[in-house]
Structure formats: C-alpha cells, structure tokens
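**Student:** Top to bottom, those sequences are chains X and L. Position 160 of the first sequence, counting from 1, maps to 160 under this note's numbering, and the rest follow consecutively. Position 220 of the second sequence, counting from 1, maps to 220 under this note's numbering, and the rest follow consecutively.
Keep in mind that the hints were calculated from the coordinates and are not lab data. Given the structure is predicted, the values throughout are model-derived calculations rather than measurements. Heads up, some of the hints might be wrong.
If you anchor each label on the Cβ, the simulated ranges turn out as follows [as the list claims (entries may be wrong)]:
1) Gln49(L) - Asp25(X): 28 to 36 Å
2) His28(L) - Ser269(X): 51 to 59 Å
3) Gln49(L) - Gly60(X): 37 to 45 Å
No residue lacks a Cβ here, since even glycine has one placed at the ideal position from N, Cα and C.
The lines below spell out each chain.
Protein chains: 2
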Amino acid sequence: MLREDAAPPSVMSQMDAEMGHTFADAIHIFAHKHGIAVDDIDLIGSGGQLITLTSTPVQGKHYRSNMCLGEGAIISAKTGVTTVSDYRTAEQAVGRQGAPLFAYLVGLLLHHPTRLQICITIGGITTVCFVPPDNKGGIDAIYDWDTGPGTVMIDCAYRQFGYEPGIDEIPALLNGKVCHEVVEELLKNDEFLKIRPPKTTAMEIYGNKMAQNIITMCATRGCSPADTIATLTRFTSATIVSQMLTFGPSRAAISNADIVFDGRGIYNSVLIADLRHEFPDAKFSDMKTRTGVPSNGKKAVGFAMQAMEALLGRAVSVTTNADARRPNTITGKLSPGVRWREVMEKSVAFGGRDRGWEGLPEARQLVVLQKPT
Amino acid sequence: MLREDAAPPSVMSQMDAEMGHTFADAIHIFAHKHGIAVDDIDLIGSGGQLITLTSTPVQGKHYRSNMCLGEGAIISAKTGVTTVSDYRTAEQAVGRQGAPLFAYLVGLLLHHPTRLQICITIGGITTVCFVPPDNKGGIDAIYDWDTGPGTVMIDCAYRQFGYEPGIDEIPALLNGKVCHEVVEELLKNDEFLKIRPPKTTAMEIYGNKMAQNIITMCATRGCSPADTIATLTRFTSATIVSQMLTFGPSRAAISNADIVFDGRGIYNSVLIADLRHEFPDAKFSDMKTRTGVPSNGKKAVGFAMQAMEALLGRAVSVTTNADARRPNTITGKLSPGVRWREVMEKSVAFGGRDRGWEGLPEARQLVVLQKPT
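So here's chain X without its partners, still in its complex pose (with noise of 0.2 Å):
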C-alpha cells in the first residue's frame, strides 16, 4: 500500500480496520507483560500508519489530506479505553502540513533559559526542530522543517549490495570515499530543497527510486558499494547543513547551540561525524541521554501527550510552522473508552473546577520520569 497509490477503498477498509485490532491486540500484550491493569488506563493515543499525504497541496485544486490507518474506534472499543487518533488531519484542518508532528513536545522537553536549542531527527526523513532560548520567545518561537532524506536511501543501497539495515554498522561498507561530483549533482537538482520552510517530504521524493538513481550514477563512475554508501551518507548529510543554514538561524548561532540528535539515524557514525565536524563548537547529545526518552520512543510520548492535550482541549501550539486559519487547534479524535465520563469528569477537574475551561493555562514543560531499574 505504501509502494503504491492503488489499493481500492474495501482493501483500505480492511487494513484499517485489521491494523486497529493488532494495535489493540499489542497494547494488551504490552499491558500484560508490564504488569499494567488496561482498566486503569485513562488515555491511549495512537498516530496510526500514514499511507498518503497530501501536505503542499496546487492552491485551488488540492486539500491538505491524509489517510491513516490503524482505525481508533477499533482500539477503543477492545480495549475499553477511550482513544485518540487522526491527529493529521485536524492539524491540516487548521493549514498546517499534517507532518512533522512533534515540534512541541520537542520544546518542551528540550527548551533553555538562555540557549537554543536544535533537535535533529533522522528518521528515514530528517526533520530539524529550532527551539529558540526562553529569552527569545521559547516555546513559542518554535520552528521545524523536513530537510530531506534520513537514513531511508542509505537503507536502501544495504538492501540492494545484500545487507539488512540495522542499528549495527557493516564493516565491509565503512570507509568508502565520496563520489564528490555526484553529491554536487544531487544538491544542484534538488527541487525540495529549494521550498521555503513549511515543508514536509517522504518517500515519494526520497525513496526506493531515488536510491535506485544514485547507486547508477555511482556505478557509472567506478564506485564500489562503500563509495556509493559514503556518498549517500555525504549527499544526507550535506542536505541536513546545508537546510540548516539555508533557513535557519547563523552559522554563529547554531555553533553556540545545544544539538540534540535522536531517531534511528544516530547510530550511523559517518553522518553523525559529519554533522559534528560541520558545526565543532555547538555542544552535542542525543534525546536518550538529555531527556530519557530513547531515540525509538519519541513517537509514542508525543502521542501520548497529545491525547492528553486533545482529551484536555489544550491546543497544540506550534506558532511559526503555519499559515493557520486559527492559530492552534485542538488535535486529534477521540472514541470513548467505557469509563469515558470519568475521564472527562476528570479533564474538566484538571487545573481547577473553579477557573472554569477557560483558564487552562498551556503546558509549559514536560518531565519524563523514569521506573527505577
């Protein structure tokens, strides 16, 4: 479904509806083998899986549109627990691209009094998340963008030279020497790279295709596998700089930074290497060892977040990544779980009866406690 923009309505249908029991099915499976009672559960919230996305829609022919699967009612219903899904489409209700999602939580969990701080996701796309310090509006002042490929085209030159990408390096594709002129000829032909930030991209640019594309031009020029790997790894990483500084704040300004890597990407240690020799004086971590959220998690607390936020009709506020009808908005559905009326009785009690819905105040912060070990 995902390679191809075909599978007729009844066969969505289906996967919707067969994705929503298996999220159901593991979240009892979880729940047992954490000693966690489903009953107890208020929230669940689930982002579904994305088969299309329609973000930078042809003014007056297009709609921002989404479809995910993984159908929320599903969950809710096997579970008992009332549940929170679609969070794109009520972010692209609002005009904002339905992607990337994860902009607060990144704020809240990594923002400074005085310093910026950068997140770098590299999933199999990197999105870069600018939280400037508390001093210059914080929160508030968030900004973050797709930059391009993560480790999806990488990914794909392992499958194709007979390995299985994973969290471990292959040995016999390290140390390869970039292919410099086809890095330049990437960069130079780059549509994506060019739009303004708001943007967003997936595999439908940076993908199996692409990647096919690449290893040919490298194979024209005499490159082994470990060349045609270096010069994927340099064309990822010269996309992630070059963004950065393309819309982003000063070379000064990202050198006095906080970066914070996290997704999947982190363990490649040639594109980490280069991110760092790009900018040597910022200080570097990753979300695991300054948050305690590890680098595969980040997902699953955003969603949880926002169902909370959804349940409790805070808005999501994410003020410079949108040409918004209304600034925020509330995102996200939510299917009633049985004990639904208390888990709004306990929504409505939550800051304060007294204050009325009015004065819920925003979330400001996020602290992520950890199970002793």
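Following the hints, position chain L against chain X.
**Tutor:** Quick look at chain L alone, frame taken from chain X:
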C-alpha cells in the same frame, strides 16, 4: 467512487477532505439562512458518505469495516464546533454490522405502552424496525434489518426509460401489469432474502446490474415500460412483506400493529398500496405525521442525537441486533471544537453532577419540538 471499488488512497483522502470542507460550508450556509449563530452550537453530528462497507465478513478472513468520507476534524476546524463522526466504525468494532443505524432513534420516537410499532423505511434500500410494546420489552427489545431493495431499482428503470426519478409519479409509467413469473423467479433465486437477520445490504446486490437484468427479463416476456415498473415495484413490496413474515412476528401481530412509513418510498403510491393491502387491519401513518420528523430528516435527527449520546457517554443500545462483544457501545468519534472544555463541562453536569459519571440513565423518550410556523 461508489460505482467502482477502485479509487486509490490519495484520491480517497482528497475526497474525504473535500467533503469535510463542503459539509462545513453547508453548515455555515444553513445556520446563516436560519438565523443560528454557529458559535452557539455545542455539537455537530455528521454521518458522512459511506463508500465501502464490509458488514458480514467471512469468518477469519475479513474484518467488519467501512470507509465513511467527510472528515469530522475539518468540519470541527472550519466551524469551531465539536463534531462527532465515524458512527459505523464504533458499531462494527463491537461486532455489529455498521448498518442499519437508526433502530434506537426509531424506538425512542415510536415506542408505545401496549402496541407493537413497525417502522418501514424505504430509501434506496428498505429497512424494517420492530419496536415491541413497552410491556414486552419496548426499546430494549427492538430489532431491525434490511429487507432488500427500496426504490433503488425502480429508479434505475425510470432512468432507463428516459425519466428522472423523483417524488412525482410519471403517468406513462403507472397502471402497468405485474409479470408474476418474473417476480416469482426473482424471489426464488434471491440469496440475500434467505439470510437470517441481523443483516444489511446495499447497492452491491440491489443496484444497477440487477435492475438491468430484471428489465431484460421483462422485455423478453413482452412487458411495456409501465409493466416493467409494475413488476419491479411488486418485487420490491414482495421482498418487504415476505421478510417481515419470515423473520418478524406473526401475521396476526403485524396486523394488530402501528405501521409507520418513512423514506422516499412513501411517495410511491403503488408500493405503499401493496403493503397496506397485505396488512389491511394495521394502523398506518408516516414518520412526519406521527412524530414531526420529516421523511428526509430522520438521518439528520439520528446523527444529531447520537452525537449527544457520544458526548454524554451513553451507549446506543440495540440489544438484539448484534453478536456483540459488549452489549452496548458509545458510537462516534469526537473532534473537539473551540468550546470543547465548556461542552465537556456540560456533559459532566448533565443528569446532576452529584450522581457522578456512573449514574447517567439511558434516554427512554425523544420528543421533537417544532418551531411554530
């Protein structure tokens, strides 16, 4: 999209968004026309447009599922009003078929202390709903199912003969002679009619293709267009009558009931005469006369009511029409609007705060108040 199961995810997603925007615009237009301030509306219930429905899946091979377009989050974002949508999904998640949806509404509107109430809703498809007298279970003992065709195939034949189907009857197509041979053959070979309720059907069975077959069967036997319409109409009324007698209560019980017609089929005088003729001792009326809800307004009232029930967290109870995991479920997903916390507060206060969230009794009566004209 309805005629062929072929639209790819990107098109589905665009249509979902476009219909959401269209519905939201319609709400603004409607509210303006009737002097209602949109900001004053607490809740919108939107049934959406059903695109695909798997109501009776092959055990172990398929899931109950559906796709309903007309994005609730967009309606909520463009109106600012909390919107409830995706009713069928929650129904299906607990093992119901996802259609028909309005037994509870019909029960609330029609239930009677001592007399059986039967609602025959003749839309494209026909649904019958039996509401036993209050002293024999009343609302708790409702059952309903789709009996087969409504006006759908008659409409197809109208078009085939060069007329636009509407609520006015076409003199040239009246007074035809029923071809009983065709009616008998159709009834004998119909597989859907043999299935025990609960069951639901749609255009996939009783649609264009079957209508074309019947028109050909009639033409082969020398029927005029008026004869063909008469034959199709008789087949339709015969399916309704035979289903009621096969799976409903006894002929004596039906003859002693109040029969309430609803849907566009009430304007088909031949169809209605057939049904009246079959049960001459029953008391007949129509939904509008009986309750004030116009025949094209039942769905709107039903979705509005279910929106309120979803917010209140009361299950929509249709106990006998389900092989349900839980007897009842809260149907509908909520997309919070700008006054979400206020709306939740109202919900929590509904029925008395002191009683808490557990004590909210089910609705047992629905009264339609009409603006004086």
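**Student:** Is 28 to 36 Å respected by the C-beta to C-beta distance linking Gln49(L) and Asp25(X)?
**Tutor:** Check passed, 30 Å falls within 28 to 36 Å.
**Student:** Is it true that His28(L) and Ser269(X) lie within 51 to 59 Å of each other by Cβ?
**Tutor:** For Ser269(X) against His28(L), whose Cβ atoms are near 56 Å apart, the range 51 to 59 Å holds.
**Student:** That 37 to 45 Å hint for Gln49(L) and Gly60(X) (C-beta), does it hold up?
**Tutor:** Given a distance of about 23 Å, which is not inside 37 to 45 Å, the answer is violated.
Against the hints set out earlier in the document, a violation occurs for number 3 only.
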